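Asks: Taken in order, these protein sequences are the chains called A and B.
All residue numbers for the first sequence refer to our numbering, where the first residue is 35 and numbers rise by one.
All residue numbers for the second sequence refer to our numbering, where the first residue is 30 and numbers rise by one.
Any given hint could be a false lead.
As the list claims (entries may be wrong) - Only pairs whose alpha carbons sit at most 25 Å apart, straight line, appear in this in silico DMTMM-like list of lysine to aspartate or glutamate:
1) B:K166 <-> A:E240
2) A:K162 <-> B:D89
3) B:K73 <-> B:E100
4) A:K41 <-> B:D94
5) B:K41 <-> B:E100
6) A:K227 <-> B:D146
7) A:K41 <-> A:E184
8) A:K90 <-> B:D94
9) A:K209 <-> A:E94
What the hints contain is simulated information worked out from the structure, not anything from laboratory work.
In this text the structure is predicted, and so the values were computed from the model without any measurement.
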Amino acid sequence: MNQEAIKDLLYKMADDQLILGHRNSEWTGFGPLLEEDIAFSSMAQDKVGQSWQLYKILNELGESDPDTVAFMRNAEQFHNSQFVELPNGEYDFSLIRHFLFDTAELIRFQMLADSSFEPLANLAKKIKGETKYHSMHAKIWIKQLGSATEESISRLQNSLVEAMPYALGLFEPSKFEQDLIDSRVFAGEEALKGQWKNAVIDVISETSLTLPNMESLTPVFGGRYGDHSEHLQPLLDEMSEVFKVDPTADW
Amino acid sequence: METQGLTKGIIKEWLDEVKDPEIPVLSLNDLGVITGIDIDSKGKVTVDMTPTFTGCPAMDVMKQDVLDVLEKRGVTDYDVNISFETQWNSNMISEKGRKALKDFGLAPPPQHDMIVDIDIIERASCPHCGSENTEMKTPFGPTLCRSMHYCHNCLQAFEQFKPL
Chain A
35 MNQEAIKDLL
45 YKMADDQLIL
55 GHRNSEWTGF
65 GPLLEEDIAF
75 SSMAQDKVGQ
85 SWQLYKILNE
95 LGESDPDTVA
105 FMRNAEQFHN
115 SQFVELPNGE
125 YDFSLIRHFL
135 FDTAELIRFQ
145 MLADSSFEPL
155 ANLAKKIKGE
165 TKYHSMHAKI
175 WIKQLGSATE
185 ESISRLQNSL
195 VEAMPYALGL
205 FEPSKFEQDL
215 IDSRVFAGEE
225 ALKGQWKNAV
235 IDVISETSLT
245 LPNMESLTPV
255 FGGRYGDHSE
265 HLQPLLDEMS
275 EVFKVDPTAD
285 W
Chain B
30 METQGLTKGI
40 IKEWLDEVKD
50 PEIPVLSLND
60 LGVITGIDID
70 SKGKVTVDMT
80 PTFTGCPAMD
90 VMKQDVLDVL
100 EKRGVTDYDV
110 NISFETQWNS
120 NMISEKGRKA
130 LKDFGLAPPP
140 QHDMIVDIDI
150 IERASCPHCG
160 SENTEMKTPF
170 GPTLCRSMHY
180 CHNCLQAFEQ
190 FKPL
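Given the sequences, and given the hints that come with them, work out the whole structure.
Replies: In structure tokens, the structure reads:
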């Protein structure tokens with residue numbers, strides 16, 4: 035099995051979880067409803083915890099320890115998609131991102147539960163159960179607000195159009211794509227994207243929203259190879275501020 | 030220590046005194062997070078644990094509590110591993126644990142056939158009055174393992190240990 039291929043896969047998933055977890059945590063204290071404040075905070079806790087476990091597998095494969103990996107790298111060393119690093123914007127944007135990302139995440143971990151790489155398969159079996167709650171939560175709100183008032187529909191519609199090219203960037207192929215597929219570590223981004231599209235269409239078709247034509251859009255790629263928007267470095271600086279004051283501190 | 034006569038059953042009994050830090054009526058045994066106890070030929074004790082939720086912040090505390098119990102009982106050679114080799118699910122909470130949750134005012138998770146869907150999550154019996162006339166307010170509660178509900182019978186909010 036190609037270890038570089040596995041590391042590449044783990045890094046991009048872990049970085050996605052960590053960065054979106056951090057973005058979700060920014061809703062703590064600012065949610066539009068108390069329940070949504072708590073929901074985004076809980077999902078943040080899940081995602082950061084999941085990223086830690088993925089970094090831990092990387093650690094077992096010879097990479098640095100999870101805290102160092104999470105807090106001591108610069109933007110160009112991160113493999114997350116640009117989608118997750120974008121600022122939260124208004125609640126409608128955060129909700130659309132949550133829906134598009136977590137739909138993909140659930141399917142990704144469902145696929146990985148069958149991975150030939152056992153540590154990842156075991157973790158994926160766990161994460162897919164937790165992520166189901168995230169995915170259900172997103173669906174409920176998209177269905178409700180996507181068919182509610184003129185304002186809620188138009189806000190979500192605008193966010194959907196804005197988010198879609200970035201969401202397609204989630205499926206940026208790894209340079210090890212064929213290795214991962216051949217060794218049955220992961221069935222690949224194309225297969226994931228196919229299932230994701232169907233799941234997204236299912237939900238959106240039950241609302242008054244219109245899906246942009248995905249085929250005509252250019253996905254925002256680059257994140258998986260360290261090319262990021264101007265939003266990532268400030269986020270990392272804030273995230274790692276306490277750790278960098280004293281990396282050896284014990285709590 | 031003299032480990033002769035030490036058995037898995039005895040260690041399991043010791044672990045009954047270790048409680049979930051967030052739900053102090055529930056022992057780790059009844060929660061189902063202890064997935065293996067082993068004593069090798071040299072007397073080394075190994076305890077395997079699996080997290081309820083991947084990001085559960087109480088896991089390190091639970092692990093420390095297990096270590097403390099082993100030390101307190103005089104075990105000097107031990108290992109406590111947290112792994113995902115066995116994945117925890119809410120059906121692993123024992124009957125005794127389910128009763129303890131209910132007495133604590135927390136609805137136990139409904140038993141399921143490993144497919145957790147919206148119908149299962151929404152179905153919670155009120156731990157105060159037993160009514161089924163309840164409504165889920167949000168699947169995300171004060172800790173990762175709890176959801177929030179409302180009882181239309183006794184008009185009280187309550188929490189449920191989430192099915193997973």
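Asks: Run every hint past the structure and note whether it holds.
Replies: Hint by hint, here is what the structure shows:
| no. | hint | in the structure |
| --- | --- | --- |
| 1 | B:K166 <-> A:E240 | holds, 22 Å |
| 2 | A:K162 <-> B:D89 | holds, 22 Å |
| 3 | B:K73 <-> B:E100 | holds, 13 Å |
| 4 | A:K41 <-> B:D94 | violated, 33 Å |
| 5 | B:K41 <-> B:E100 | holds, 14 Å |
| 6 | A:K227 <-> B:D146 | holds, 23 Å |
| 7 | A:K41 <-> A:E184 | violated, 46 Å |
| 8 | A:K90 <-> B:D94 | holds, 22 Å |
| 9 | A:K209 <-> A:E94 | holds, 22 Å |
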